[in-house]
Amino acid sequence: QQQVKQSPQSLIVQKGGISIINCAYENTAFDYFPWYQQFPGKGPALLIAIRPDVSEKKEGRFTISFNKSAKQFSLHIMDSQPGDSATYFCAASMGRDDKIIFGKGTRLHILP
Amino acid sequence: KAGVTQTPRYLIKTRGQQVTLSCSPISGHRSVSWYQQTPGQGLQFLFEYFSETQRNKGNFPGRFSGRQFSNSRSEMNVSTLELGDSALYLCASSFETGRANTEAFFGQGTRLTVV
Numbered sequence: 007q008q009q010v011k012q013s014p015q016s017l018i019v020q021k022g023g024i025s026i027i028n029c030a031y032e033n034t035a036f037d038y039f040p041w042y043q044q045f046p047g048k049g050p051a052l053l054i055a056i057r058p059d060v061s062e063k064k065e066g067r068f069t070i071s072f073n074k075s076a077k078q079f080s081l082h083i084m085d086s087q088p089g090d091s092a093t094y095f096c097a098a099s100m101g102r103d104d105k106i107i108f109g110k111g112t113r114l115h116i117l118p
Numbered sequence: 003k004a005g006v007t008q009t010p011r012y013l014i015k016t017r018g019q020q021v022t023l024s025c026s027p028i029s030g031h032r033s034v035s036w037y038q039q040t041p042g043q044g045l046q047f048l049f050e051y052f053s054e055t056q057r058n059k060g061n062f063p064g065r066f067s068g069r070q071f072s073n074s075r076s077e078m079n080v081s082t083l084e085l086g087d088s089a090l091y092l093c094a095s096s097f098e099t100g101r102a103n104t105e106a107f108f109g110q111g112t113r114l115t116v117v
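Chains as they are written, first to last, in this note's numbering: chain A, 7 to 118; chain B, 3 to 117.
It cannot be assumed that every hint is accurate.
Said to hold, decoys possible - Simulated pairs of lysine-lysine, DSSO-like, Cα-Cα distance not exceeding 30 Å:
| hint | chain 1 | residue 1 | chain 2 | residue 2 |
| --- | --- | --- | --- | --- |
| 1 | A | K74 | A | K11 |
| 2 | A | K77 | A | K63 |
| 3 | B | K15 | A | K64 |
| 4 | A | K63 | B | K15 |
| 5 | A | K64 | B | K59 |
| 6 | B | K59 | A | K21 |
| 7 | A | K11 | A | K48 |
| 8 | B | K15 | A | K77 |
| 9 | B | K15 | A | K21 |
| 10 | A | K74 | B | K59 |
| 11 | A | K74 | B | K15 |
Claimed, not checked - Here chain A is said to cover these stretches of chain B; the calculated rule only asks that three of the stretch's residues, wherever they fall, bring their Cβ under 8 Å from a Cβ of chain A:
| hint | stretch |
| --- | --- |
| 12 | 14 to 21 |
| 13 | 50 to 62 |
| 14 | 106 to 113 |
Claimed, not checked - Facing chain B, a subset of chain A residues (Cβ under 8 Å, in silico):
| hint | residue |
| --- | --- |
| 15 | K21 |
| 16 | P46 |
| 17 | G49 |
| 18 | G89 |
| 19 | F95 |
| 20 | F108 |
| 21 | K110 |
| 22 | I116 |
| 23 | P118 |
Hints were generated in silico from the structure; no laboratory data involved. Here a beta-carbon is modelled for each residue, glycine too, at the ideal position from N, C-alpha and C.
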């Protein structure tokens, strides 16, 4: 129930294309869903986050779509660039709990 | 504003030894969490400290322990090291717990190799 399942494990996208990463969760008590981006040799950095009262959130080329009834959420990267090549983690947490449950990550590679 | 600082960056230890990792959070942040990152298991929560008290604990054996000091700096200790403890250990700090879901800022991690 504490798991967050992420797919795919790896993804290759042409420059200018759309990258899509999907996540699913079981615990309906989760109320905060952040996405983290990690470059080699660095710690994860918050990219964008959403709460379940919103179905979509957009920041620049990054959009989170959230489907509360299906308990799924996804990250869309529009006009993907080689600089977006990184590992992306979806995550979830609940209430005032600072414990973050991470998906296993998606290694994204954007072809130049 | 300085970010989260973890020391050392790299460590090589022998099986059976113990190790202490250090984390200095962002100034003003009182919550510090620790995570273990491995290729197979991804990022797994170890524990979280706030005001020198452990508030949350993940599913790791008792060989993994931590503490937080009055200046919010935190240390993590692993005793009787096993080969499987080889991982990147990440520390994250946030402004405060007790407030819903504040952003966690991660350090660069300590790469521990057990031989």
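Hint check results:
no. : hint            : in the structure
1   : K74(A) x K11(A) : 15 Å, holds
2   : K77(A) x K63(A) : 16 Å, holds
3   : K15(B) x K64(A) : 45 Å, violated
4   : K63(A) x K15(B) : 45 Å, violated
5   : K64(A) x K59(B) : 33 Å, violated
6   : K59(B) x K21(A) : 42 Å, violated
7   : K11(A) x K48(A) : 23 Å, holds
8   : K15(B) x K77(A) : 42 Å, violated
9   : K15(B) x K21(A) : 42 Å, violated
10  : K74(A) x K59(B) : 28 Å, holds
11  : K74(A) x K15(B) : 45 Å, violated
12  : 14 to 21        : violated (count 0)
13  : 50 to 62        : holds (count 5)
14  : 106 to 113      : holds (count 6)
15  : K21             : 27 Å, violated
16  : P46             : 11 Å, violated
17  : G49             : 3 Å, holds
18  : G89             : 19 Å, violated
19  : F95             : 6 Å, holds
20  : F108            : 4 Å, holds
21  : K110            : 4 Å, holds
22  : I116            : 21 Å, violated
23  : P118            : 26 Å, violated
In this structure, the hints that do not hold are numbers 3, 4, 5, 6, 8, 9, 11, 12, 15, 16, 18, 22 and 23, in rising order.
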